[in-house]
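Quick mapping for you: the protein sequence lines, in order, are chains B and H.
Using this note's numbering, you'd call the opening residue of the first sequence number 1 and step up by one each time.
Using this note's numbering, you'd call the opening residue of the second sequence number 1 and step up by one each time.
By construction, these hints were calculated from the structure, which means they are not laboratory data.
Be a bit skeptical, because a hint or two may be false.
Stated by the list, open to error - Covered stretches of chain B, as calculated for chain H (at least 3 residues, CB under 8 Å): (1) 164-174; (2) 187-199.
Said to hold, decoys possible - Rough simulated footprint, nothing fancy, chain H against chain B, three-plus residues with beta-carbon under 8 Å: (3) 51-62; (4) 138-147; (5) 266-277.
A virtual CB, placed ideally from N, CA and C, is assigned to each residue, including glycine.
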Amino acid sequence: MLAKHTDLNARSRPRSRRWFRGEGWTALFFLLPGLIGIFLFLVLPILASIALSFTNWQLLGTPRFVGFSNYTRLFTTDPQFWTVMRNTVFFTIEYLILNIALSLGLAVWISSLKIGQRWFRVVFFLPTFTPLIAVAIVWMLIFSSGGLLDSLMAQLSLPFSGVLNNRTLAMQAVIITSLWAGIGYNTVLFNAALDMVPATYLEAARIDGATAWDRFWKIRLPLISPTLFFGTVMTAITSLQVFDQIYVMTKGGPGSSTATLGYAIYQRGFQNFQMGYASAIAWVMFALIMALTALQFWLQRKWVHYDA
Amino acid sequence: MKHSLIFAAALTASSLFGISAQALDAPVTVTWQMWGEPNDAQLWQQLADLVTQQYPDIKVKLQLSGWTDYWTRLPVLAASGQVADIVSMQSMRMPNFYSILDPLDDYVKKSDVKVADFETSIMSGLSQDGKLYALPYDVGPWMVFYNRDKFAAAGLKEPAKDWTFDDFKTTAKALTKDGTYGYGTQAFDFIAGPVALGAEYFNADNEFDLTNAGFVDAFSKYADLTAKDKLSPVFASASDASAASGRFASGNVAMYIDGPWTLITAQANVNFKIGIAPLPRGSGPSRFITAGSGWGISAASQHKDAAFKALQVLTGPKAAEILGAAGRALPARLAQQTYWYDGAAKNVAGTRDTLQYMFAHTTPFRINEKWNQFENLVMQYVPVALTGDSTPEGVLSDIQSQLP
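For reference, chain H alone in the conformation it holds in the complex (with noise of 0.2 Å):
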């Protein structure tokens, strides 16, 4: 009788002790691992606060590194079990670790996120089998950057938006002259060039196929502009993306193609008007390959639920606002595009008809897990076709042996 009337006691004291601590609510704090040069960090702090606000019991804390740094930091996180509970993530490079994250689908399920709110590009590039990986939070493809006075200057059209590869041509020959380039090729303009042109670097069981007649046609238009037609200055192994978007800003160099995402530093840095157009096309329709970022759950996270909160939070329709409006990202959120189209392209004339033009027109980004490999490689050899030291066969012959 005692007994029992203990263990009754016992047992209504530890029922109560559970409701209170589930109306309590412990307050989590979710780690977040971004990339981001220190002048982000406030931007991205910003973002963290928004968590908060919304659910007070939820604090997110900022891990910020350097865009190199990032990459090389993370697998050794997840190798040594200290990733962090939201992880940033690119879509390119998704293959190489989605195993780290949790599939989001059953979260995005039970909640009340819209997958149709998004790009349906970039969802597609953040998942992983069919999978959902990653929420972005932003997109873009890769474009035509040009110097509308030079433009003028030269009396050409404004290109339109199914130029073709010839009419490229032709424009980057009318503008070299007086020690301007017409255009400033960089490596990843010969794996978004060629697919524009209808070419295919994959075969149907997604493995490297760099040597496939199409490619290699495609792939020497491009190289071809540099080693025979002099159209653009050589780019060495070592400097990487940066170097057209250097002499595009200093004036040298006419084109360039990047994406939207340093349109607000292309802007900073030039004194004359930028304009945008989508890549030239081959003799087919257009097509254009888009690449974006976003965070997702370590499968690791003691705190999953939380995170998730916080992610709906950071993939919201309020932090797309603030990241469009800063001109930090073109937002994977349809709707609030419009912030980035009326902030960081306000003075870049057709930027929302190009990129919808473009979005209207995008094909899967195919990648595999040996993706960086192959880049790496991109920037290793295709200087040596730049130089005629090689021909465009001959480099992606050299580039296809060394991807077992």
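Chain B on its own, in the form it takes in the complex (with noise of 0.2 Å):
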């Protein structure tokens, strides 16, 4: 037995042996300046994280062990931390739902006109290309009290005004920005995709007098559904961490009307400097995440469709 043992080992020391010989260092000698790029500042400062979101680390001076209790005032105490959690899952839902709507229409639309695919494909793209920051500060002048969009209104004699300053309609400000900026991303994504599906299934289908509506019901929108589920899962990750809008747009008010997780997390760690309860949020975030992750690609088995 033990003698098997130690063959065993005699057998499959000289492979990895082998392996670390000539070609293995140099690809190791290659790779090492992306592997300690990825250790330096992904890995270690995620293992940093988890350590501090058990202090009370206030950036200046030494952390102090505490326990779960930053997890514990965060569920129990924190008076903000419930509406924040609120706006944050509302946000998403509602970005979600309508970023894939709307990306799809536009998609399906675009793939159906016979002239200038191209053009509106690259108009769609091009918010993408500009930086959120610059566009939320864009929008944020338009929807400001006396901006465009009150003189807008007062035109149409509409008693509507400062929508930055309105508590309901603050978070949908921030949702218009958000989707016009983000929509050309999926557009362009699933506008790809419609393009794969083959011709003659479509063709195949007409002649058997299947309606537009069946054509895309049908045949599309399955044989798009990886597609639109990768879309769905990396829109829905981004938008559980939605940030720069917000920062630029509201500050999380009126009131806490629009602060979320990202937003918690900045203004706790970088404005309060609750270092340790900052990283406690981030992980209640990176916890969010992965279960609604997990439940995207649970529910995705009834629903997307891989070639059969």
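With the hints in hand, could you dock these two chains into one complex?
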């Protein structure tokens, strides 16, 4: 028995050694800069933030271990936390539904065009190139009291002003801004997927008398469902992390009506110098993203069709 | 014998070397972390050069970053031990950062810096627990900026130095017409305003106590100017201090509250005459809070003595004259304030009188380490009271509940 083990070890060792000879070392050498980068700027900060979430580090001085008290405070005594959580989920759901519906609609519309397809694709993709901060500043000027929207509404004699000062409408303003900036990416993605649907299937269905709606619902949609799934998951993840628009347009206000997890992390960490508490929120955000992504992967079995 | 000879020779050599090293005094580069726009760089560089002129062995290296970046970078640099030798500090942020600075009292005692040369209120603003952590370069109270042309057009008298809140409100009412608001409110008004009315936001233990009757009442007075009397436009949480100054410059609001540090910019942006008045008082005597900024020495600095020499020049009379004459700062040095009054404030009637009255009536600006958090919450929550979505009491208790 023992002999067998040593034998196995003896046999496996040369193989691993061989791997680290010649090519293996060269590969490692070339990968090293990337690996060091990943370790220093990704793995280490992640580990540090886990550790920090159990301390009350104020950025200056040394962190003090406080156990789970950041987490207990977050879930039990922080008066803002559940509002922040609700805002984040609300933003994600509304934004996700609108983004997917609108970008899919645009993609279908663009692919149905006889001329100007490329032009429209570029037009809708352009905002994706613009830095989100710049986009948010422009939209903030449009929505702020006395801004473009207010004067438009005044021209139309509609009693509607100061969207960003309104606790219900401020979030909608943020969502509109995000849609403007974010829709292009999914539109191009879905448009490309639609173009990949074999024309022969659609041709055959048309001959069999399928309506345009049937062709969309029963052929094109199932065939692009993997892309749709990818778009949905990625959009959900980025919208759970929403920060830039809120930082520029509302600073979480009025009241706490637009404060989201991403903004709360920034505010606690870099404005209030509660690094430990901010790290705890970051891990709650991580858990939320993981849970929702897992849910989406579970749900995909019902509606995503890979090439059969 | 031989050994001791060598030893003696070595000793002599080393002592000689020691003496010569002391006499030569190797040049030192002192780093100086400061905020400012790129177009401020020249002014700050001028001050840095002033140090080298006086002490040829000391070179000051300026590290400039934007205002917001500065406060994000400072704690990060401090935490990683890379903070500059000379650190710029604003009085309102001192409670968060004094731990990275060295107390200056001993340095001051040994030097010929006279504490009495500086405005008292800002010296206490840059102190923590009775220890001085920075020497100030500027100082200023919050005060009312007003459009003198609009006052004249409305047939209003110039405000008295001890005008009351009712006077202020009546004036704002008279100025609110033809699409112009009498007053443009900003987040900080809800701190400086109530204090001037005699209210306190702290209890005896220096903890926030926003729901005391006095503060709620004074806060409500300011909120009602917008919510009930419609004498001011609402500001959104996002648009910070600059919202009302822009409206003031374009002539859409006739009065707003700001500090002397903006006077030079305000004048450049307007095509009317500016007047300044103290904040209105309540039923008691006037009282005002002042803020300002200065420079301290990093506790981690390797060149503390050189840094203090540089600091003396940077906050010295010549530097104060340069900053005052350029309009960049109302000098914290009393004797040099005249350069600001005669330069930047030359066209603004009564600046000297008004400010001297205000300095004579200052009250300590009470802050603690949660001050930043409080200011952010004020910016976030006050708009809700201005639109009438919530009552002033509601807003204050919301803010209070979030300040653990």
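Here is how each hint holds up against the structure:
{"no.": "1", "hint": "164-174", "in the structure": "holds (count 4)"}
{"no.": "2", "hint": "187-199", "in the structure": "violated (count 0)"}
{"no.": "3", "hint": "51-62", "in the structure": "holds (count 3)"}
{"no.": "4", "hint": "138-147", "in the structure": "holds (count 4)"}
{"no.": "5", "hint": "266-277", "in the structure": "holds (count 5)"}
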